[in-house]
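Engineer: Here is how the chains run, residue by residue.
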Amino acid sequence: VKSLVTVRAIAWKDFSIWLRRPVAIVTTLIPTVMYVAVVYYISVDVATPPIAVVASHHSPAVQRFVSELRSDGGFRAEVVLPTAASHDLASLHVAAVVTVPASLWIVRRRAVAAGHSETPASAVTIKMNNLNVDIAKDLRRSLALTIRRYGETAGWHAPVAVAEHDSYASDISLAQYRLLPGMVLILMIAGVVNTGLATCQEFEARTFKELTLAPTPSWALVLGKILGGWLTTGLIAAFVWAIGLVTGLISPPLSDFPAAVLTSLMVGLAASCLGVAIGATVKQFQLVTSLSVMASIYLFFAAGGVSVFGFLPDFLQRLSRFDPLRYAIKALVGSVLLGSTTGLLGDVAVLAAFACAGLAVSTLVVRRAAVA
Amino acid sequence: MVAEADGPVAFLPGSRPQWRARRRSGPRGLTAELGAVVAVARHWIALGVRDRRFLLVAMLLPLNYMFLFLITVINGNQAPTALVVADHGPYARAFVRSLRSTDSFAMRSMDAAQARAAFIAGRVVARVTIPAGFDREVVRGHAAPVSLSVDNIENDFVDDLRRGMDQAINRFAAQRAPGGAFMVQQERDLHHRAIAYTPYVMVSVVVIALMVGGLFYGGTAAAREYEQRSIIDIILAPRSRVSILLGMSLGTSIVAAPGGLLLLTVVAFAFRMTAASWLELACGCVLVLFLYAAVGVLLGTVMRQRNGLSGLAVLVAIPMLSLSGAFYPVSWSSPVIGTIASFFPTYYANAIFQHAFYAVRTTPIALWIDYVAVIAFAVAMLAAGTALMAHREEAA
Chain B
16 VKSLVTVRAI
26 AWKDFSIWLR
36 RPVAIVTTLI
46 PTVMYVAVVY
56 YISVDVATPP
66 IAVVASHHSP
76 AVQRFVSELR
86 SDGGFRAEVV
96 LPTAASHDLA
106 SLHVAAVVTV
116 PASLWIVRRR
126 AVAAGHSETP
136 ASAVTIKMNN
146 LNVDIAKDLR
156 RSLALTIRRY
166 GETAGWHAPV
176 AVAEHDSYAS
186 DISLAQYRLL
196 PGMVLILMIA
206 GVVNTGLATC
216 QEFEARTFKE
226 LTLAPTPSWA
236 LVLGKILGGW
246 LTTGLIAAFV
256 WAIGLVTGLI
266 SPPLSDFPAA
276 VLTSLMVGLA
286 ASCLGVAIGA
296 TVKQFQLVTS
306 LSVMASIYLF
316 FAAGGVSVFG
326 FLPDFLQRLS
336 RFDPLRYAIK
346 ALVGSVLLGS
356 TTGLLGDVAV
366 LAAFACAGLA
376 VSTLVVRRAA
386 VA
Chain P
106 MVAEADGPVA
116 FLPGSRPQWR
126 ARRRSGPRGL
136 TAELGAVVAV
146 ARHWIALGVR
156 DRRFLLVAML
166 LPLNYMFLFL
176 ITVINGNQAP
186 TALVVADHGP
196 YARAFVRSLR
206 STDSFAMRSM
216 DAAQARAAFI
226 AGRVVARVTI
236 PAGFDREVVR
246 GHAAPVSLSV
256 DNIENDFVDD
266 LRRGMDQAIN
276 RFAAQRAPGG
286 AFMVQQERDL
296 HHRAIAYTPY
306 VMVSVVVIAL
316 MVGGLFYGGT
326 AAAREYEQRS
336 IIDIILAPRS
346 RVSILLGMSL
356 GTSIVAAPGG
366 LLLLTVVAFA
376 FRMTAASWLE
386 LACGCVLVLF
396 LYAAVGVLLG
406 TVMRQRNGLS
416 GLAVLVAIPM
426 LSLSGAFYPV
436 SWSSPVIGTI
446 ASFFPTYYAN
456 AIFQHAFYAV
466 RTTPIALWID
476 YVAVIAFAVA
486 MLAAGTALMA
496 HREEAA
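From first to last, the protein sequence lines stand for chains B and P.
If you count the first sequence from 1, position 17 lands on 32 in our numbering, and the numbers rise without skipping.
If you count the second sequence from 1, position 210 lands on 315 in our numbering, and the numbers rise without skipping.
Everything labelled a hint here was simulated from the structure, so no lab data went into it.
From the three backbone atoms N, C-alpha and C, an ideal C-beta is built for every residue, glycine too.
Any given hint could turn out to be false.
Unchecked claim - DEER-style ranges, computed between Cβ atoms:
no. : chain 1 : residue 1 : chain 2 : residue 2 : range
1   : B       : S270      : P       : D294      : 26 to 32 angstroms
2   : P       : V441      : B       : A105      : 19 to 25 angstroms
3   : P       : S206      : B       : A368      : 45 to 51 angstroms
4   : B       : P75       : P       : P195      : 37 to 43 angstroms
To be verified - To list a few chain P residues with every Cβ distance to chain B over 12 angstroms, as calculated:
no. : residue
5   : H148
6   : A184
7   : G246
8   : A248
9   : D256
10  : G269
11  : F287
12  : V289
13  : V347
14  : S439
15  : L487
To be verified - Facing chain B, according to a computed beta carbon distance under 7 angstroms, are these residues of chain P, among others:
no. : residue
16  : F159
17  : L160
18  : L161
19  : L188
20  : D192
21  : T234
22  : Q272
23  : Q290
24  : R293
25  : H297
26  : L366
27  : L367
28  : T370
29  : Y433
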């Protein structure tokens with residue numbers, strides 16, 4: 016009981032110090048807001064480059080093609096005159112100019128309708144700013160989609176029929192998918208940095224000696240530090256969740272909410288344990304800050320936080336088995352976006368094991384420091 | 106030891122007239138001010154060099170960033186896809202060639218069981234199966250069935266996959282299918298050759314890495330002056346505040362420069378990136394390093410404590426990478442994004458670096474305006490720092 020009182024006192028002291036530092040709070044929360052805002056706008060914006068459409072003919076067929084260009088979602092298409100199109104392309108206001116030749120098209124359409132398959136295909140010209148391979152591929156693919164869809168509405172039968180089988184009932188939006196790993200990153204950085212600094216400052220301020228001379232076991236000191244960091248991270252997690260829920264970017268089913276909250280708390284706990292371990296080992300403010308941030312970011316990127324896991328190189332996929340954030344992201348995405356708690360216990364267990372390892376390492380380091 | 110730094114310069118000794126008198130004493134003139142700039146810069150360089158471990162961190166930080174962001178772009182935008190081909194006829198082979206030609210899939214040929222296992226384990230994000238009888242259906246003029254399984258966890262890459270399939274079908278129809286294509290795409294490119302995805306993004310990564318280096322070192326060094334109260338001696342020096350801040354920014358740039366050089370060297374060798382104009386690249390580096398050193402110094406002056414600075418520098422880097430136009434010109438984004446991006450210097454800095462590396466333009470404005478914008482941001486940062494220092498003295 017006496018040890019628990021010590022744990023509570025240390026935890027509350029660290030939490031109170033953090034609360035008294037508005038700058039530390041603001042620097043943790045501002046990037047969070049920025050991150051959410053940018054993720055949201057980019058998701059709205061992504062993969063829809065603006066294009067200029069030059070339609071030399073205003074037949075219904077051409078208008079339908081332009082309408083397909085717009086509705087497919089691959090472009091933001093605007094019909095303009097040829098001179099304006101060239102100017103827009105040169106001045107980087109559009110990514111490409113698509114020219115629709117009306118006459119050839121009509122001939123082709125009539126030929127197809129009449130069953131003459133040997134008639135040469137109409138040619139849609141795309142003049143693109145092929146600045147980089149990625150954007151060029153996006154433009155080509157989007158035009159291909161429009162052509163196929165338009166062809167089908169005009170009576171053409173594609174030689175290949177694709178039967179798509181999706182893993183989930185509906186696609187998950189980029190904003191939703193990116194927000195959750197981002198949330199894990201924010202919690203990780205906040206937890207590791209704040210706890211790491213709270214620990215190393217005990218060494219820098221030499222108050223650590225006083226703590227170790229107190230008649231309490233080392234694990235109680237470490238646990239107090241971890242709990243203090245956990246409280247801080249919990250507050251930040253609540254803030255991030257509030258933003259996500261208010262903006263509507265995350266809306267887990269009520270039944271899966273506890274799983275999501277549990278995962279967030281476990282991330283905070285694991286981060287706090289890692290923070291104490293780093294703070295107690297390094298003991299120097301500058302190094303603790305840089306190491307904590309870098310460690311968090313590396314773990315995040317290696318866990319596939321910035322892309323879908325399958326996009327990671329093979330060696331990283333194998334390496335990430337030892338990365339706790341991989342399990343955190345998986346659990347959070349599963350419970351919040353997919354409504355699935357399959358494997359949740361396993362993921363939470365990995366996070367708990369990581370936290371225990373952090374606690375053990377920290378206790379060991381604190382004991383050695385106390386002896387020294 | 107970390108001192109409590111809250112409250113506006115409560116640590117300045119003496120009364121306001123005394124500080125002013127001290128500040129106005131000593132020699133005046135441009136030479137004296139330049140001397141102050143050099144003295145402060147030397148002081149900061151000495152501080153940086155003395156703390157070897159910190160210097161090492163500051164040097165490796167930009168490089169770290171490069172590796173981190175590299176992970177995100179290493180696969181380009183090719184979706185890792187398992188390919189199962191159960192028909193080895195000419196049409197099936199032609200369709201596989203069409204699929205590969207779209208450059209949308211990182212295809213790995215597997216048997217059905219391997220593909221299923223890889224897909225379930227999440228090692229691939231899609232599985233394409235060309236069944237037996239594909240050729241027979243094509244010859245008959247029927248639509249040949251192809252199965253596409255997609256891990257549709259994020260709609261951006263799923264859209265790319267679907268469109269990639271459409272492109273493959275169109276190409277297959279145009280080249281091999283008996284009925285031919287309905288319509289074909291004729292492409293004309295503005296540039297002789299498109300820049301590969303990774304080298305293109307790496308330019309922005311370099312800019313962001315330099316930004317993080319400047320913010321981290323400038324911010325930490327400035328905050329440390331406040332925490333250790335050594336800022337008192339600097340502020341009370343009989344020199345203008347502009348000279349002091351200029352010296353701090355210059356010192357930061359010089360300490361951060363080796364990290365930047367190391368980064369550029371690694372990038373040049375690892376990705377075989379050669380600058381179209383080395384002179385432009387050098388100018389860009391100097392400007393960007395100085396700009397972010399000034400931003401870092403301002404940040405440290407605002408915060409007056411190192412706590413939270415690193416996190417801020419790191420977390421700001423991720424949105425800044427997107428807003429700089431790392432993946433495509435910002436002018437192709439929505440007007441809202443374009444407007445937001447134009448308020449950040451990374452937008453202009455990225456344009457300068459893209460032009461230096463590849464001689465391409467990524468902003469719709471003239472190149473000289475990009476340079477002017479970066480310089481203007483640097484001047485604005487110095488001005489803001491000067492005003493802040495003056496405000497604190499007045500408030501005290």
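Engineer: Decide, hint by hint, whether the structure agrees.
Structural biologist: Verification of the hints:
1. B:S270 / P:D294: 26 to 32 angstroms: Distance hint for S270 (chain B), D294 (chain P) is violated at roughly 52 angstroms.
2. P:V441 / B:A105: 19 to 25 angstroms: Holds: the Cβ-Cβ distance is about 24 angstroms, inside 19 to 25 angstroms.
3. P:S206 / B:A368: 45 to 51 angstroms: Once the Cβ atoms are compared, 47 angstroms apart, the range 45 to 51 angstroms for A368 (chain B) and S206 (chain P) holds.
4. B:P75 / P:P195: 37 to 43 angstroms: Holds, at about 39 angstroms.
5. H148: Consistent with the label, H148 (chain P) stays out of reach of chain B, its closest Cβ about 18 angstroms off (over 12 angstroms).
6. A184: It is violated; A184 (chain P) is separated from chain B by about 7 angstroms at its closest Cβ, not greater than 12 angstroms.
7. G246: At about 8 angstroms from chain B, G246 (chain P) fails to clear the 12 angstroms cut-off, so the statement is violated.
8. A248: Nearest chain B Cβ is 4 angstroms from A248 (chain P), so the label is violated.
9. D256: The claim breaks: D256 (chain P) does not keep its Cβ more than 12 angstroms from every Cβ of chain B (closest is about 5 angstroms).
10. G269: violated, 6 angstroms
11. F287: Since the minimum Cβ distance to chain B is about 4 angstroms, F287 (chain P) lies within 12 angstroms and the statement is violated.
12. V289: Incorrect as stated: the minimum Cβ-Cβ distance to chain B is 5 angstroms, not above 12 angstroms.
13. V347: With a cut-off of 12 angstroms, V347 (chain P) remains clear of chain B, as the shortest Cβ separation is near 25 angstroms.
14. S439: violated, 5 angstroms
15. L487: holds, 22 angstroms
16. F159: holds, 5 angstroms
17. L160: Where the cut-off is 7 angstroms and the nearest Cβ of chain B is about 10 angstroms from L160 (chain P), the hint is violated.
18. L161: Not OK, violated: L161 (chain P) not within 7 angstroms of chain B, min 10 angstroms.
19. L188: Violated. Min distance 14 angstroms.
20. D192: At about 12 angstroms, which exceeds the 7 angstroms cut-off, the nearest Cβ of chain B leaves the hint on D192 (chain P) violated.
21. T234: Where the cut-off is 7 angstroms and the nearest Cβ of chain B is about 9 angstroms from T234 (chain P), the hint is violated.
22. Q272: holds, 4 angstroms
23. Q290: holds, 6 angstroms
24. R293: holds, 4 angstroms
25. H297: Hint violated; H297 (chain P) Cβ to chain B Cβ min 9 angstroms, cut 7 angstroms.
26. L366: With a minimum Cβ separation of about 20 angstroms from chain B (threshold 7 angstroms), the hint on L366 (chain P) is violated.
27. L367: Check failed: Cβ of L367 (chain P) comes no nearer than 16 angstroms to chain B, outside 7 angstroms.
28. T370: violated, 21 angstroms
29. Y433: Check passed: Cβ of Y433 (chain P) comes within 5 angstroms of chain B, closer than 7 angstroms.
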